[in-house]
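Participant: The primary structure of each chain is shown beneath.
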Amino acid sequence: MSKGLTWRVSMILVFLLLSFLYLTPTLVSNLPSWWQGYLPKDKIHLGLDLQGGTHLVMEVETQKAVEGTLDIIATDLEDSLSAQNLRFKHISRVGSDKVQLVLYDKATAENAQNLVKKKYPEMEQLPTYDEGGFVNMSLRMSDKVAQDRRDKSVQQALETIRNRIDQFGVSEPVIQQEGINHVVVQLPGIKDPKRAIELIGRTARLEFKLVDENINAATATPGTIPEDDELLVEKRTDPATGAVTEIPLVVKKKAMITGDLLTDAQVRIDSQFNQPYVAIDFNSTGARLFDQVTAANVGKRFAIVLDNNIYSAPVIRERISGGSAQISGSFTEKEAADLSIVLRAGSLPAPVKIIQNVTVGPSLGQDSIHKGLIAGLVGVMLVVVFMAVYYKLAGLVANFGMVLNIIYLMGALAALGATLTLPGIAAIVLLVGMSVDSNVLIFERIREELRLGKTPAAGVDAGYDKAFLTIMDSHVTTLITAAVLFQFGTGPVKGFAVSLSLGIIINLFTSLLATRAVFDFFLSRMHVKKLSI
Amino acid sequence: MELIGKTKIDFIGMKKISFIISGIISIIGIIGIIQIGRGAANMGIDFSGGTSVQLKFSQPIAMEQARAALAKHNLAEANLQEIKEGNKLLVKVGKTTLATGKAADTIVEVFTKEIPGNTFVVEGSTEIGPSIGDKLRKDTLVAVAISLLGIIIYIAWRFDFRFGVGATLSTLHDVLAMIAVFFVLGKEINLLLITAVLTIAGYSLTDTVVVFDRIRENLHKNLKESMPAIFNRSINEVLSRTIVTSITTFLAAVSLLLFGGEVIHDFAFALVVGVVVATYSSIFVASPIVALWEERAAAQAKS
Chain A
1 MSKGLTWRVS
11 MILVFLLLSF
21 LYLTPTLVSN
31 LPSWWQGYLP
41 KDKIHLGLDL
51 QGGTHLVMEV
61 ETQKAVEGTL
71 DIIATDLEDS
81 LSAQNLRFKH
91 ISRVGSDKVQ
101 LVLYDKATAE
111 NAQNLVKKKY
121 PEMEQLPTYD
131 EGGFVNMSLR
141 MSDKVAQDRR
151 DKSVQQALET
161 IRNRIDQFGV
171 SEPVIQQEGI
181 NHVVVQLPGI
191 KDPKRAIELI
201 GRTARLEFKL
211 VDENINAATA
221 TPGTIPEDDE
231 LLVEKRTDPA
241 TGAVTEIPLV
251 VKKKAMITGD
261 LLTDAQVRID
271 SQFNQPYVAI
281 DFNSTGARLF
291 DQVTAANVGK
301 RFAIVLDNNI
311 YSAPVIRERI
321 SGGSAQISGS
331 FTEKEAADLS
341 IVLRAGSLPA
351 PVKIIQNVTV
361 GPSLGQDSIH
371 KGLIAGLVGV
381 MLVVVFMAVY
391 YKLAGLVANF
401 GMVLNIIYLM
411 GALAALGATL
421 TLPGIAAIVL
431 LVGMSVDSNV
441 LIFERIREEL
451 RLGKTPAAGV
461 DAGYDKAFLT
471 IMDSHVTTLI
481 TAAVLFQFGT
491 GPVKGFAVSL
501 SLGIIINLFT
511 SLLATRAVFD
521 FFLSRMHVKK
531 LSI
Chain B
1 MELIGKTKID
11 FIGMKKISFI
21 ISGIISIIGI
31 IGIIQIGRGA
41 ANMGIDFSGG
51 TSVQLKFSQP
61 IAMEQARAAL
71 AKHNLAEANL
81 QEIKEGNKLL
91 VKVGKTTLAT
101 GKAADTIVEV
111 FTKEIPGNTF
121 VVEGSTEIGP
131 SIGDKLRKDT
141 LVAVAISLLG
151 IIIYIAWRFD
161 FRFGVGATLS
171 TLHDVLAMIA
181 VFFVLGKEIN
191 LLLITAVLTI
201 AGYSLTDTVV
211 VFDRIRENLH
221 KNLKESMPAI
231 FNRSINEVLS
241 RTIVTSITTF
251 LAAVSLLLFG
261 GEVIHDFAFA
271 LVVGVVVATY
281 SSIFVASPIV
291 ALWEERAAAQ
301 AKS
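Taken in sequence, the protein lines are chains A and B. Anchor point for the first sequence: position 145 equals 145 in full-length UniProt numbering, and the numbering is continuous, going up by one each time. Anchor point for the second sequence: position 50 equals 50 in full-length UniProt numbering, and the numbering is continuous, going up by one each time.
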């Protein structure tokens, strides 16, 4: 045996061993305990189209986060100015990047300007001007700061969504940012996608607002209520009939306490009515605020508002200190559990919009795997039979190369943690045809050389050498398209590109090196007079 | 065994017929692309935005009944498709007034309410917002353009410019032909079709490169023969290889078509069409173009 041959045969065997090593976790369901240490234990990842699950793409409405920040600044300025006895007529956010202060006189305006400079140095102050006897002062958020806020909001959304999914309990979820403001979420094998989507997509902004008892909510319209009030709705579901009644309530726009002051939220069951509720705990700031607000408003109603829906609006009977409260409402145990999850995980910095939702049921996935396997087997059998008939023994060599190809490819998929999708299976089946292609090229060349009267050994050598460039060319061109597909494709298409490009690279090895080693082995060992090709 | 022995077919001589056939196919393909651009073709929801839900019923369901149920809830424009095995129904709704995230639920509710006796499970649902559809369409166009460009550059580098153009034109011809078939048959134009088209573009190129390789080899060897004669001889020499590899790839694609299931049925169909077209084009389109061009260039050089 020549030296080069030993080297090639051992390479084939090493790769084969590695492939089986990486494939073992996929093929064997119960791995022995000694395997768990250093040996690979990951199965081939199946795409959502094969194992079932939900693929979501969500758009974070980042502009809302900027506006939210400006709203907070406006509210905070109201408090700060009041605390320093600086009188103002009106403070609010205007448009998408400004906060406007309307003050009574120049002196107050100057004081306010100093205060803003100290508190919010990043805000740009526009020149003040008189407007109907008032001083109008505007703050502008610079584009850079706004952009920073937008980027941060996507990051925060990603974190919050990850928290929620972790608490909801999904195995191997994928949560990642895509592009500027998209978040991709993959939930493999999820049983109740609708519930998960509601849980993930909820903004979950919890606010405690005082009910304005001076106004009759039943007759109020958004136009007739005072400027610092808003009209919200409490939805009550009758547990017996399932009928939903909507009760309008007028509340103060300003939230007394918000959900970011929470430290914990847990589901409890009311022992008296056997109704679930969510018990919440505030941090020290929240507890102090809650104590102050309840002390000052005994007898009034306090609305618990989540994403602009009132959950309940209990009457404050006495001062509540200690920093605990409860949210009750007409919800089921599941809804209460989900509510506690979103409260614990925190609110999203901006609303998210679901722009893509692909859900594949587990049965369809199973069906696809099953059919993909059958199609693959049939394809392989057809090609194997054809090659054996057409090229006889040499055809068997090509078939050996093809099987090697498939095993290597599966091994590589497992080793790289790549994802196998249904189009990915299709790519493998297609590769069966294409892998044989290289061998056909070589065999046809060998036949030509033999016709010219060369010996088998010389024919094989010349065949492989002359086909080399052609095979390289054809593989590189396919690799170009595969790379582009990988770059631009999503989900299943990406899986296709991965299988295809790995297959092409592996095929170069098997067709140029592995099958030739087989020929060389037989030609050197036996006295071959005539090649069976 | 040999399917084809030594052949002496005058492929280049058949260029008049083949150019007419390819011309017609390409024109249909271009019409198809224009219609796709206008949104008049049968666009998949991944490009147009919309919702599709696949339901598996416990009993056979009458299409009229399903259609009536949807019409009752202002979903008359829904596209219904029956999947033969297992009482399956595919409901597709284009961009509707329904918000993304809700459309699939609405369809499920309609069937629960209107057809109470026939229970079903939701096998899968897809909802694509219009903004994603637009982005996908743009990305896809860029992807197709980049891969074609990459191919021209590579072939131009490995051979020469004329071969590069010939290879690209024949690849473009295959792309147009596949779109023409899908357009004429009214099959859905979706992301999987584009994937199949790009795959075939790669495959077709492989085929073309093999023929070109041989032409180049013979051009170097033989300077006396006329250009069409060398081209013809080269195509004939690799003909047996071309047919054999087409057969093996064809067999693999056909087994995907027959046994791969409904999800990749159209994808496999596109591959089968593509393999046939790609084989045809590498013989009848790519080489004649280059032959014609080389011949004219040679004639000009003489005069």
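Keep in mind that the hints were calculated from the coordinates and are not lab data. It should be emphasised that the depicted structure is a prediction, and the values quoted were computed from it without experimental measurement. A portion of the hints provided could be inaccurate.
Claimed, not checked - Simulated DEER-style distance windows between Cβ atoms:
id	chain 1	residue 1	chain 2	residue 2	range
1	A	Gln177	B	Leu90	28 to 34 Å
2	A	Glu198	B	Gly94	40 to 46 Å
3	A	Leu115	B	Thr112	47 to 53 Å
4	A	His90	B	Leu90	54 to 60 Å
5	B	Gly186	A	Lys334	43 to 49 Å
6	A	Ser171	B	Leu90	54 to 60 Å
7	A	Leu39	B	Ile30	41 to 47 Å
8	B	Thr112	A	Ser171	27 to 33 Å
9	B	Asp10	A	Phe468	27 to 33 Å
10	A	Gly453	B	Asn222	31 to 37 Å
11	A	Lys334	B	Thr119	21 to 27 Å
For every residue, glycine included, the Cβ atom is placed at its ideal position computed from N, Cα and C.
Participant: Which hint numbers doesn't this structure obey?
Facilitator: 2, 3, 6, 7, 10
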